[in-house]
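Chemist: In full-length UniProt numbering, the protein residues as written are 1 to 496.
The hints are simulated quantities; they were obtained by calculation from the structure and are not laboratory data.
The structure displayed is predicted, hence computed values, not measured ones.
Among the hints, erroneous ones may be present.
[What the hints assert, rightly or not] In silico DSS-like cross-links for lysine-lysine, where the CA-CA straight-line distance does not exceed 25 Å:
{"no.": "1", "residue 1": "K274", "residue 2": "K247"}
{"no.": "2", "residue 1": "K79", "residue 2": "K199"}
{"no.": "3", "residue 1": "K21", "residue 2": "K95"}
{"no.": "4", "residue 1": "K72", "residue 2": "K199"}
{"no.": "5", "residue 1": "K495", "residue 2": "K440"}
{"no.": "6", "residue 1": "K76", "residue 2": "K199"}
{"no.": "7", "residue 1": "K124", "residue 2": "K76"}
{"no.": "8", "residue 1": "K382", "residue 2": "K274"}
{"no.": "9", "residue 1": "K95", "residue 2": "K72"}
{"no.": "10", "residue 1": "K490", "residue 2": "K431"}
{"no.": "11", "residue 1": "K76", "residue 2": "K128"}
{"no.": "12", "residue 1": "K79", "residue 2": "K124"}
{"no.": "13", "residue 1": "K21", "residue 2": "K79"}
{"no.": "14", "residue 1": "K274", "residue 2": "K383"}
{"no.": "15", "residue 1": "K383", "residue 2": "K431"}
{"no.": "16", "residue 1": "K32", "residue 2": "K21"}
{"no.": "17", "residue 1": "K79", "residue 2": "K95"}
{"no.": "18", "residue 1": "K274", "residue 2": "K293"}
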Amino acid sequence: MANSNFGTSSYQAGREGDFSKLSQQIGTNIQKISQNASSMQRIVVQLGTPADNQQLRNQLHQIQHYTGQLAKDTSKSLKDLGAISLQSSEQRVFKLQRERLLNDFTAALNSFQSLQREAAQREKDEVKRVRTASILGPPDSSKEALVVLDETKSQHFHSSQQRQMQMQEEEVDVQALVERERAIRQLESDIVDVNTIFKELATMVHEQGEMIDSIEANVETAQMRVEEGTSQLATAASYQTRIRRRKCIIAIIAVVVVMIIIEPIPVSFAQMEKDLISALESDTHNQLENEAKLRAISQRVSYDEFRDIVRGVHLKPVSNGSLSANKLPKGRIWNNIALSKKSYETESCEARKGAATTANNYSLNQLPISAQFLNSWQQSDKKSRLLILYKMGPAGLNNIFTIDMPTALLGEIFEALLCFSPVSDVVAVIKLMEALTRIKRFNLIVHFLNASERAICQQLIHKLLASLVQREQDFAEEGITEWTIQELGKRFLVKS
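Please model the entire structure based on the sequences and the hints provided.
Modeler: So, in structure tokens, the structure goes:
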């Protein structure tokens with residue numbers, strides 16, 4: 001399988017290389033056509049002027065003939081470029097590149113053909129002028145010769161030589177005219193070739209438009225089929241739920257009827273009610289899973305995300321009431337790190353910092369259960385709660401709340417942490433917040449925070465950032481930067 005993928009990728013890379021190489025060649029040809037058109041422009045303006053000569057015309061014919069052949073080669077290369085098939089991900093980029101080359105080639109070809117027409121017209125005008133001069137010239141010369149013969153008989157021999165030279169010049173002019181007419185016919189033939197190239201370009205543009213229409217039609221068809229498939233899945237899930245519920249009810253009724261017919265055994269209606277409730281709960285759970293599957297399909301998530309959505313459909317946030325058991329008798333402290341009689345204001349900052357950064361002050365197996373912690377927590381004010389958190393530390397907090405935590409309690413922890421001292425408690429608060437993110441159902445808990453609890457959390461993040469600015473160098477030694485606090489804010493779904 002790996003070899004097959006390697007072969008496919010190598011083949012595709014080769015196709016992309018061919019496309020790039022051919023595109024570069026076409027671009028070079030277009031540049032040469034534009035340069036030759038500029039050279040033709042300089043020569044054409046000299047035709048029919050005193051600077052006009054045979055060498056200049058020969059140079060013009062060579063340039064335009066070479067450029068015409070170059071245009072034919074470029075047109076063929078554009079056809080080959082359109083025949084190269086590429087991956088859909090690269091198709092759009094290469095399609096735009098091909099369109100740009102096609103537009104540039106069309107512009108260069110228009111300029112070249114315009115110069116061809118102008119050169120042909122100037123050549124025709126010059127041939128017409130020379131023909132007119134050759135027809136009108138000899139009679140004037142004959143009249144002058146007759147006058148000379150009448151006036152001076154002694155110059156008869158000289159006049160004969162002059163007529164002979166004139167006849168030779170006329171033969172040369174005739175040959176030049178023939179050569180010019182041949183060049184004009186060649187030029188007109190080249191113009192026809194350029195017209196043929198324009199027709200081929202129009203065909204390529206038309207075919208490209210049809211291909212784009214075909215791609216759009218396929219995309220629309222695929223989208224319609226996906227929507228139809230989703231609708232059919234929803235209908236099938238609804239039918240499956242109804243059938244399953246009917247089967248449960250029919251099975252229970254059948255069991256009751258059989259029991260009544262076969263043997264008059266006392267029927268436990270309580271058990272039947274319990275079984276019916278259990279069956280309905282199971283059916284409800286299946287219905288929730290089906291709805292979650294449809295949501296996941298409509299969101300086009302990955303397989304892992306699909307599985308997590310289906311598994312977590314029945315989860316609910318834990319509440320304070322679910323942890324209210326195991327109340328302690330009056331007068332008993334809940335563990336060996338309970339609050340002493342000293343108030344929060346008299347507690348040493350160094351002691352709080354040390355208690356928050358290490359868990360060596362106590363044994364984790366002596367910590368209270370979550371219900372005992374909540375009882376003591378509810379009897380304390382904000383500053384006392386902050387001291388409780390400092391003494392427990394991150395490890396103690398994670399030991400009590402490993403799996404879940406009430407959402408309301410998380411909001412109260414935010415309120416307590418907001419009372420921290422910006423001078424000495426920043427590191428301890430950050431480590432406690434990192435401990436909260438290690439609770440297994442943390443992501444679910446955060447999503448159930450209300451607006452006021454999120455606002456308190458945002459104030460806490462802003463206060464941490466402000467404290468960091470004042471002692472940035474000291475916190476850098478602890479490995480805490482602005483990025484650390486911003487990432488922590490993202491975990492709690494607040495903007496820093």
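Chemist: Determine for every hint whether it applies to the structure shown.
Modeler: Going down the list of hints, with the structure as the test:
no., hint, result
1, K274 <-> K247, "holds (17 Å)"
2, K79 <-> K199, "holds (13 Å)"
3, K21 <-> K95, "holds (15 Å)"
4, K72 <-> K199, "holds (12 Å)"
5, K495 <-> K440, "holds (23 Å)"
6, K76 <-> K199, "holds (13 Å)"
7, K124 <-> K76, "violated (32 Å)"
8, K382 <-> K274, "violated (46 Å)"
9, K95 <-> K72, "holds (22 Å)"
10, K490 <-> K431, "holds (15 Å)"
11, K76 <-> K128, "violated (38 Å)"
12, K79 <-> K124, "violated (36 Å)"
13, K21 <-> K79, "holds (14 Å)"
14, K274 <-> K383, "violated (49 Å)"
15, K383 <-> K431, "holds (18 Å)"
16, K32 <-> K21, "holds (17 Å)"
17, K79 <-> K95, "holds (13 Å)"
18, K274 <-> K293, "violated (29 Å)"
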